[in-house]
Structure formats: C-alpha cells, structure tokens
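K.L.:
Chain by chain, the residues run as shown.
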Amino acid sequence: MKKILMIDPDKCVGCRQCALSCSFNKEHLFSLAKARITTLWAYKIDMNVPMMCQHCEKPLCMDVCPMGAISRSDESGAIVIDPDRCIGCRMCMVVCPFGAVTWDEDTKCMIKCDLCDSDPECVKHCLYGALTWLPADEAAISRRQLGAGYLAEALIKLKE
Amino acid sequence: MDYFGYAGKELYIDLTDGVIEEKPLNLDMAVKFLGGMGIQQRLLYDLLKPGTDPYSPENPIIIGSGPLTGTGAPGSPRVMGTTKYPETGAIGSAGGAMRFGFMLKFAGYDHIIITGKASKPVYIKIVNDDVEICDATHLWGKDIVETTENLWDVYGDCGVIAMGQAGEHLGKLAQAACDLGSSLGRGGLAGIMGSKNLKALVASGTGSIKIADAERFKKARETLFEGAKRYAYHGDIVRYGIMQSWANYRVQFGYTKNRTLVPDLKIIDKGIGFEAYKKLGKTAFGCPSCFIADKEIVEMRSGRFKGLKWSTAAYLNAAILSTRLDLKDSGEAVKFGEVTDRLGIDQLGFSDLLDFIFTLHEQGTIGSSDVGGLPLKRGDIDVVLTWLEKTANREGFGNVIADSWQGLMKAFGEDLIKNSTAVIKGREGIWEPRISGLGTNEFAQLTYPRGPNAESGGSGLYALNQPIETVRRHAQRMGMSKEAIDRSFDSPLKINIGRFVTSSEHWLALFNSLGICNRHVNNRFYHIDIIAELYSAATGIDLSPQELIKYSERVWNLFKMINVREGFSKKDDEPPGVWFQPMVTHEGKELYMMDYYKTRRLTREDVEQWLRDYYDERGWNIETGIPTKEKLLELGLEEMVPSLQKK
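The listed protein sequences correspond, in order, to chains R and C.
Position one of the first sequence corresponds to residue 1 (this note's numbering), numbered consecutively onward.
Position one of the second sequence corresponds to residue 1 (this note's numbering), numbered consecutively onward.
A few of these clues could be false.
[To be verified] One-sided and incomplete, this derived list gives chain C residues near chain R with beta-carbon spacing under 7 Å: (1) T71; (2) G72; (3) T206; (4) P288; (5) G567.
[Said to hold, decoys possible] Here are the simulated distance ranges between beta carbons: (6) C/Y592 to R/G147: 56 to 66 Å; (7) R/D117 to C/R239: 31 to 41 Å; (8) C/G235 to R/Q145: 14 to 24 Å; (9) C/K279 to R/E75: 46 to 56 Å; (10) R/Q145 to C/E22: 45 to 55 Å.
Hints are computed from structural coordinates only; laboratory data are not their basis.
The C-beta atom is built at its ideal place from N, Cα and C for all residues, glycine as well.
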C-alpha cells in the first residue's frame, strides 16, 4: 500500500525540526531556504502550518515544466525534479498552490520534497505528531476519526 | 574563510552616526570563549569603559547567539543580550529564546554590537546582508504585542525583539520580548534600548549553517532525539507546559506579604492553580529546534476577561506572582501576565515591589500620600493594572517603581530596604531558602555576578525533595571531575552547596555560550559528552568534555572580572538579613532557613562558610571574593590582570 505524508497543523508547535532535518539530510548543513518543508507561523489564527509538497494526483508543476524535468517516482509515488533537466525557469514555483517548490541559489535549480525514498526525515524528527507517514487508507481513516472527534465534541456542547 | 557552526560575521551598528560595519567573526576569540555569552562578555570587556552610566550612548548592547544556534541540536535557540544593566549596575548576559538568534544566524551574523543613540525612534532590520536602521516613529508608544505583530506583518517569517512603553521610559524593570514567547533582559535591557531610541530588531535570512563533521553531528543529535522519544512525560509537558510541575512551584514560590507569610496554598490551587489552568484555552508552541515545547497561548473562556489571549513562556509565572498580590482567579492572573508583557515589565520584580509596598501600608508604615495617592489595596486587579501603567510610563509614584529597589531606597531610605527585603546586588532574590532550604538555586543568587535571577545552571536541586542520587547523576552530566564531586559531597549536610554551585555555574555558562536552552525540560537531556560531540562536530574545533568545562570556567571568570572592574566584590555577595528571620505559615508555623535536605537551621556563619568554600573552589581570594592573578593566568585571562591590580 502506498504511504502518504499527513500534516496536522493543530499539533505543530513551530519547532522547525522538520526543516532543519530536511536540509541536514539533503545538504549536510542547516538552512531554512534549502529545506523542502517549511513551517509558517500564522499568528492571526494562532497556528503553525507546515508547508510542503502534497504530491498531488494531478500535479500542475509537472504539467507546466517545459523540460519534462518533473515526474512521479514509481517507488515512492513522490513528485520529483531531475536537476539535470531543470533549467530554473520557475514555472513550477508559479503554479504550485502550496508554494512547495523553491529555488536553490547555489545549484540554480528548483528543489522540492522527494519523500526521502519513502523514509521522510522530517517525520522522524517531528515529536509532536504534526507530521505522520501513513498508508493512504489509514490516513483517510485517521482523518475521519479526527473529524468524528470534532463532531462528537460539538454535539456534546450542543447537548450542554 | 569558511566557518562551521558559527555564522562567521559580526555586525557593528552605531546608532549615533548610522554607521553599519560588518566584520568577520574573530575565530581566535570564538575558540577561546565559545560563543554567545562568552564572546559577548569578551567584546564588552574591550568596548565598555568601567564606570559608564548604563544609559549613556557608550554602553553597548550586544545581541546574538552561539555556535549551536541555527543547527538541529535540540533546543538551541538561545539568544543572549549583554550590556551593563541599570537595575543592578552589573554587566550581565541575559538569555532569551524564540526566533531572533536563530534567524540572525541564517542572516549570516553571530552577534550585533549596538552603540550610540539614534536621534529619533528606530528599529534595526537585518534581512541577510540588507541591514538598515529604519524609522520607528510609527511604533513608538506601541506595546510589545502591537510592535511585534506590526513587524511580523512587514517582514513575514522573521524573528523580532521588541520593547514596550516601560523600555521607552528607560525603566529598570523594563525587559524586551522575543517573538511574544520569551522575555529578554531582566534588569532593564529594554530601558537601555529606550535610551538608544531603539524600539525593536528584526532578523531573517536564507543562509546556511555549515557543519564540519555531519556524520558525527548526526550521531550526537540522534542520541538526544532518542532520549526525548523515550521520555514518558513528553506529552504532558507539551500539553501543560511547566504547569505540569505546579505542585512543586506553588510551594517554592508560594510566599507573600514581603516574604513573611506562606499563604494557604489550597485556596490558590482552586482559583489559579492547575485545575483552573486546565480550563483555559491553549495553543502550544515552541522555539525553533525545540523537541519538548512548553510555551503557550492561553485564552480565557469565561469570566470578566473572557476572550483575552496571552502568548507566554509560561502561565505559571503570572499565576504564582499574582497570588503574591492576592489576585483571585486565572482570569486576573492572565490579565496581569498579559499586561506586564505588553508593557514590557519584569513580572517577578514588579510583583515583589508592589507586594512590599502593600505590606508597608498594611503595617502602617506608609499611607496613600506616600505613594502619590495611588491606591494601596491588595487583591484588586484594577489596582494592579493602575500601578503597572504608572510604572511603565513613569507617572507619579510609578516613576519611583520604574527605578526598582533603587527608587524605593530613595523614597523610603536605604535601611528599610536593606533590612526588610531579600534584595541582593540591587534586585530581589526569587528562590526563597526559608521555604526550599538553601539549595543551589537559592545560594547561587548570592554569587551570580549579574544579580539574582531565576536561571542558575543546573544542579538536580531545582525542585523540592530531590534524592541525593539525582544530584550525583546531575553532577556527572555536568562533567564534574571526581575530585570536584568528592569535595562537593563531603558535607554533614550531604552537599557542600558553595562548592557544588561553581559547577552549576559552568554548566550555565556553557549553555549560554553555545546557544542551548537551559530550561529544565531541555537541559535534562543533555550530557557534557554529548555537548562536546555536538560542539566539536559542528565547529570542527575538537574539544574534550573536560576542556569544555575549563572553557566555561574561563567564561565565568571573565564574567566575574568585568564586574570586579565595576567595583563588585564579596560585599555584594552577602546574604540578605531577612534570610535569618522566620517566615510564618498561614497556620502559624515558623519557617527558618535550613539546608536543602532540612537537616538543620543555618546561621549566617554557615552561609559565610559556604561563600568561602565557593571562592576557594574557584581558586579566588576568599577574603575579597574576587579571582586571583594565578587563576586568571591559569585560564589564559592575562589581559584581565590589570583590572585586578586596581582593586
């Protein structure tokens, strides 16, 4: 069964260990700019939001890439960029609704999450449960369970 | 030149003429003094002329962090602020956290050295190498929350240090805040910012922190993560923050009426304590790199302050301190915390000062006319808020409180303050030995060159009733040598606190210099061996655990010497007289100062002996309480010997 990376912003505390772990794994240094995941502090709603590639079923980035540098990995299902083909035109960055593709100044290439060969480093260092790596069907069930929890809470309040 | 661990640059900003200069980090200095507090103290030693008025443009503020900040070392966001502090007149390195130091590293800078005075309100913007002194006229008069949110709006993902009205009015109780999650600079850092017309600092960056030996660093880092994953209380700490230890802290800090009374804690539990806390709305958050986050945004769900939100390092502080003023419930505690943080006032100091004034009134020593007609009514949040506003803005008698105990000494006479408060080096101690016994935190308040404060390294005696085995384990974690352990545990009272505290101080200096958070929940995962691995792997400067401890000792001696140069000596380490007078519990039981294990009552001579043991353990002159020439030479601090000879 294919696994997917689930994000739960409610549990995110904004520690950015995901981003630090990502850049360390990929580049052997620590950098927010070189991380393929980022956490944004949305203070108006008191929420830290982890932002990363959602590995869409219909990836716009893949559609717009003029060089065919973006493809889906057969093994992990991740949308990946071939740096040898990338010309740095940034079209993928423009169309991505999550801002998940970013520019790397040093390599003059676009960079994005590749799910670390199905062993995502960010998940291993998220001690808050904001990032989880789950089989796709379990992920749906877990979201549904969470939703059920919210619904139950609301119903209890209604009864009160 | 490539730097590893360190960002590699320092930024000198003169606010008087607007000159901004970038210099490479002096690697020799970094190697010798580690970073953070160590480097800042060394820089200040050269930059600050002894006897300088803290508020003069010549008093520099140095802000920055250590070589581990910006790396994935867990809990390494520590940002330090070094200056000559107005409340005590001592040079200190205050610690804060959240995003500023972290972002500053990614912008490319280890430290910013700010001197001079701007002609109008400004803030400093650092976005990579785009550094600018910006107009802050629109922010002047705004509180810390408004200022921070304004800058977050403008600069997006950044770190902000901001000050409020208390800082604008040069308050000695004025502290700054980092990203609404950490205070910075107890003792008046924000007042120094105010004297420079510096409202805030912003940093963000897209740079990288290089690691000299990534494999080695990874191994040490993963060991720490494994420890945190195994820790049974991880979930509880994220859920409840340090309120998880309410049962302990309510006792340690549960005193009122100018430290004469231990109130009925059961009453406090109900309205303000853990049960009340659990009813608040809560969003947990943490600093960058923290793997055991315990900060929180709390929200009142009912009562007069329904809907009030407060972003804080800990609800606990306001809860405890508001009990000192007899505030009734969690809503009043949240309001008290929220307003002090907005104005940028030291909650600890303010609540102690106001409690003292209320007590004088209750004893019939002063009346309303002695405090400019301000209301003298304990247990009323509106009265407290009035005093806070007046203090922040230096209005009426608030002008006296804004000067902290120095102000009260002028108003009521030095003797009254000296004889009836726990003031040490111009500031009240927080840890109360008549309740907790004279443990390391309590004793370290005497010897801390900056003046008493909440942080005091580590010891295992942080909480009440810790078994001696825990302390021994802690001693090993801190890298104490076998000889130092033998000397420290050779006491009929189980521990010779004077000797033991020296190691706690080195542990603190190490955390403050490398950039690691010294809060108990983070500190507990660290061991000197791991720190040596992280430091060596990150920087490529190979230091053994023993060498690191020696370097920390050097940092501490430098810290001491820079204050010796200002005139501090043994006379400033004396225990306050009230420690030797009893407190009374609400049930009428008298509490005397005892040792930590409550073996026996302590006399002044006992404390004096521990002070001599402390100096002796440090290799300092036991009569004067200052380092000897031999010690300075041993530590490679030759340049500080002349300051010694002037004494």
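K.L.:
Which hints, by number, does the structure contradict?
P.N.:
5
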